Amino acid sequence: AQSVTQPDIHITVSEGASLELRCNYSYGATPYLFWYVQSPGQGLQLLLKYFSGDTLVQGIKGFEAEFKRSQSSFNLRKPSVHWSDAAEYFCAVGAGGTSYGKLTFGQGTILTVHP
Amino acid sequence: DAGVTQSPTHLIKTRGQQVTLRCSPKSGHDTVSWYQQALGQGPQFIFQYYEEEERQRGNFPDRFSGHQFPNYSSELNVNALLLGDSALYLCASTLTSRYTDTQYFGPGTRLTVL
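From first to last, the protein sequence lines stand for chains L and A. Heads up: the first sequence begins at 1 in the working numbering, then just goes up one per residue. Heads up: the second sequence begins at 1 in the working numbering, then just goes up one per residue.
It is worth saying that the hints were derived from the structure and are not from the lab. Hints should not be assumed to be uniformly reliable.
[Claimed, not checked] Taking lysine to any residue and the SDA-like style, the derived pairs with C-alpha atoms no more than 25 Å apart in a straight line are:
| id | chain 1 | residue 1 | chain 2 | residue 2 |
| --- | --- | --- | --- | --- |
| 1 | L | Lys49 | A | His29 |
| 2 | A | Lys13 | A | Arg55 |
| 3 | A | Lys26 | L | Leu48 |
| 4 | L | Lys49 | A | Asp62 |
| 5 | A | Lys26 | L | Ser80 |
| 6 | L | Lys49 | A | Arg57 |
| 7 | A | Lys26 | L | Gln45 |
| 8 | L | Lys49 | A | Leu95 |
| 9 | L | Lys49 | A | Gly3 |
The structure displayed is predicted, hence computed values, not measured ones.
Take these sequences, add in the hints, and give me the full structure.
Below is the structure:
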């Protein structure tokens, strides 16, 4: 069974500082990996995804993530955080083929940005 | 191009009642998935509908059922509501033929069971 672990429940950074959110997954085959962001009371917005190819993936809003198969990780990074980045971030893994639609999410990491 | 829409936005029910939530997929999408997000948790997969049939199901009891209509819209029904069913219910849509496509999420329906 696939699973996702986000070790950090809550992270606080200062505006302009760099950010790294951790994500570890468990899946038997090549995973499809996603990062979503959720603002309070809102649905999920896709930041980026990895299916194959280049292990460094660029997303929206200046975010990037790196797939490391040897570490079963897919960490999200941003070089300079903006106050508007404060939200909850979810890492998710999806299976391939006809099962691709089922996403398994981590518990989420709440990001607080100090001015 | 309209995204995924859900109705209603909020809903309050009492234990034992039944509820129906509705979802319209993004234009051009034919597959709808439903997720339950309890407070402080990540979303959990309930089931997925494609070609008007349930294609996959997560670990949810039979009290949770669904339907997909010919226009690809979908309903989620929950019978015999429990306090623990209080959550944000998210609908997501995608296009099955493009298996590397992503799932686009709606804003959700907040269900409160008293």
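| said: Under the constraints set out in the numbered hints, which ones does this structure not fulfil? | reply: Hint check: 2, 4 and 5 fail, others pass.
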